[in-house]
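*Asks:* Single-letter residue listing:
Number of protein chains: 2
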Amino acid sequence: MAALSATIFTHLLVISIASLVLYWLINFREGFAFTSKVKPKIFNLHPLLMILGFIVFSGEAMITYKAFPATRKLLKLIHMILHLIALATGIFGVYAVFKFHNVSSIPHMYTLHSWIGLSCICLFGLQLLFGIVTFLFPGAESATRAKFAPWHIFFGVVIFLMAIVAAETGLTEKFFFLKLKQGQEALVVNFIGLLILLFGIFVGLTVAL
Amino acid sequence: MAALSATIFTHLLVISIASLVLYWLINFREGFAFTSKVKPKIFNLHPLLMILGFIVFSGEAMITYKAFPATRKLLKLIHMILHLIALATGIFGVYAVFKFHNVSSIPHMYTLHSWIGLSCICLFGLQLLFGIVTFLFPGAESATRAKFAPWHIFFGVVIFLMAIVAAETGLTEKFFFLKLKQGQEALVVNFIGLLILLFGIFVGLTVAL
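Line order of the protein sequences matches chains A and B.
Going letter by letter, the first sequence gives residues 9 to 217 in the working numbering.
Going letter by letter, the second sequence gives residues 9 to 217 in the working numbering.
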């Protein structure tokens with residue numbers, strides 16, 4: 009019952025985050041494009057893919073495993089597929105920001121956001137590979153799986169929280185790059201940050217329950 | 009054994025964080041003062057007190073309760089006292105930045121960092137009050153305490169992680185206010201951020217073990 013309420017609230021958060029991010033990037037910013045003379049359109053793919061791809065899908069992967077009614081085998085498959093989607097969108101999102109830096113002659117990897125974010129993606133990839141090999145194909149022996157499971161959960165939560173920290177520092181950076189102060193767009197960006205934090209807390213709650 | 013190793017490593021992290029923060033604020037910045045014509049000296053009290061006071065002491069309070077060999081009664085007292093020190097330094101640190109804004113005519117509370125940070129301090133105060141009343145003076149009945157304990161731990165971890173997120177967004181803000189790019193000070197600030205993140209992860213690990 010508590011898990012069900014937490015899950016419903018978490019999905020309401022996802023809808024709010026998705027709406028606010030799209031409203032921000034389309035209404036206040038330039039929209040998105042993979043190739044465009046309007047360079048910020050390339051940048052805008054970055055927050056779009058990292059938030060609505062990487063963070064939302066990895067959160068969903070964690071919730072599903074705890075709260076979705078299905079066989080263990082099916083749950084593992086869904087858990088893996090959602091994480092693979094998260095990783096693919098995450099890599100594409102990182103590629104977009106590197107491309108934007110290149111076409112705009114902005115240096116790479118000098119901020120805390122970039123350090124935490126790229127470490128997070130690398131650890132995410134390792135954790136996913138290790139998880140698939142240990143728990144799915146070929147899958148370790150039952151005793152080994154049982155031994156590794158709590159560490160898989162702990163590192164999974166840590167990497168997910170690193171993604172949340174990366175999002176919050178990324179939004180803070182963008183706030184200052186755009187020289188936002190106290191206008192409407194500033195409120196929209198800050199509320200996206202608050203909602204992502206709440207999403208992280210509720211995914212954590214679902215895992216802890 | 010694992011808890012002992014985690015605790016030793018966490019304390020090495022505390023020493024590194026303290027050294028780097030002092031090195032940053034004294035060597036690259038103006039040092040600290042509560043009253044000074046050099047206004048940034050007032051600001052500098054803010055990162056000093058929030059990191060070496062609020063975050064370090066609340067982390068220590070959590071670790072102590074798990075890893076320090078003492079009676080339950082004594083552990084609760086130490087846990088409370090360390091949290092009270094954390095709250096006092098936290099409030100003083102927030103006061104310092106409000107004072108700096110006032111003397112410099114900078115608006116208050118318009119960034120994501122300020123929203124997350126102030127929410128964190130308020131929730132911290134509520135959690136501490138609730139914890140003291142439930143577990144110490146006067147203390148609820150045994151069954152009620154047992155019922156509340158897991159929620160006390162969950163919200164404690166959430167509020168601590170909010171403090172970590174506030175620190176990371178705060179360092180990101182300062183990075184841009186100071187217009188740091190790729191120099192030595194930028195590396196020092198970013199490494200403080202990475203070490204605080206690691207500190208958060210290791211405190212979480214100690215609680216989870």
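Derived from the structure by calculation, the hints contain no laboratory data.
Some clues are possibly wrong.
A pair counts as met if it fits within one copy or between any two copies, since identical chains are not told apart.
Think about it this way: if two alpha-carbon atoms lie no more than 35 Å apart in a straight line, the pair counts; the simulated DSBU-like pairs of lysine-lysine are [unchecked claim]:
(1) Lys155 with Lys49
(2) Lys107 with Lys189
(3) Lys47 with Lys107
(4) Lys189 with Lys49
(5) Lys49 with Lys107
(6) Lys155 with Lys74
(7) Lys187 with Lys49
(8) Lys187 with Lys81
*Asks:* Determine for every hint whether it applies to the structure shown.
*Replies:* The hints, checked one at a time:
For the homomeric pair Lys155 and Lys49, neither the shortest alpha-carbon distance inside one copy (46 Å) nor that between copies (51 Å) is at most 35 Å. In this homomeric assembly, Lys107 and Lys189 come within 35 Å of each other (Cα to Cα) both inside a single copy, at 28 Å, and across copies, at 20 Å. Within a single copy, Lys47 and Lys107 get their C-alpha atoms as close as 10 Å, which meets the 35 Å cut-off; across copies the closest is 40 Å, which misses it. With identical chains, the CA atoms of Lys189 and Lys49 are at most 35 Å apart both within one copy (22 Å) and between copies (24 Å).
In the homo-oligomer, the alpha carbons of Lys49 and Lys107 lie at most 35 Å apart inside one protomer (11 Å), although the nearest pairing across protomers, at 40 Å, exceeds that limit. Within a single copy, Lys155 and Lys74 get their C-alpha atoms as close as 19 Å, and across copies as close as 22 Å, so both meet the 35 Å cut-off. Proximity of Lys187 and Lys49 under a CA criterion of 35 Å is satisfied in both settings, with 18 Å inside one chain copy and 25 Å between copies. With identical chains, the CA atoms of Lys187 and Lys81 are never at most 35 Å apart, being 49 Å at best within one copy and 52 Å at best between copies.
Of the numbered hints stated above, those contradicted by the structure are hints 1, 8, listed in ascending order.
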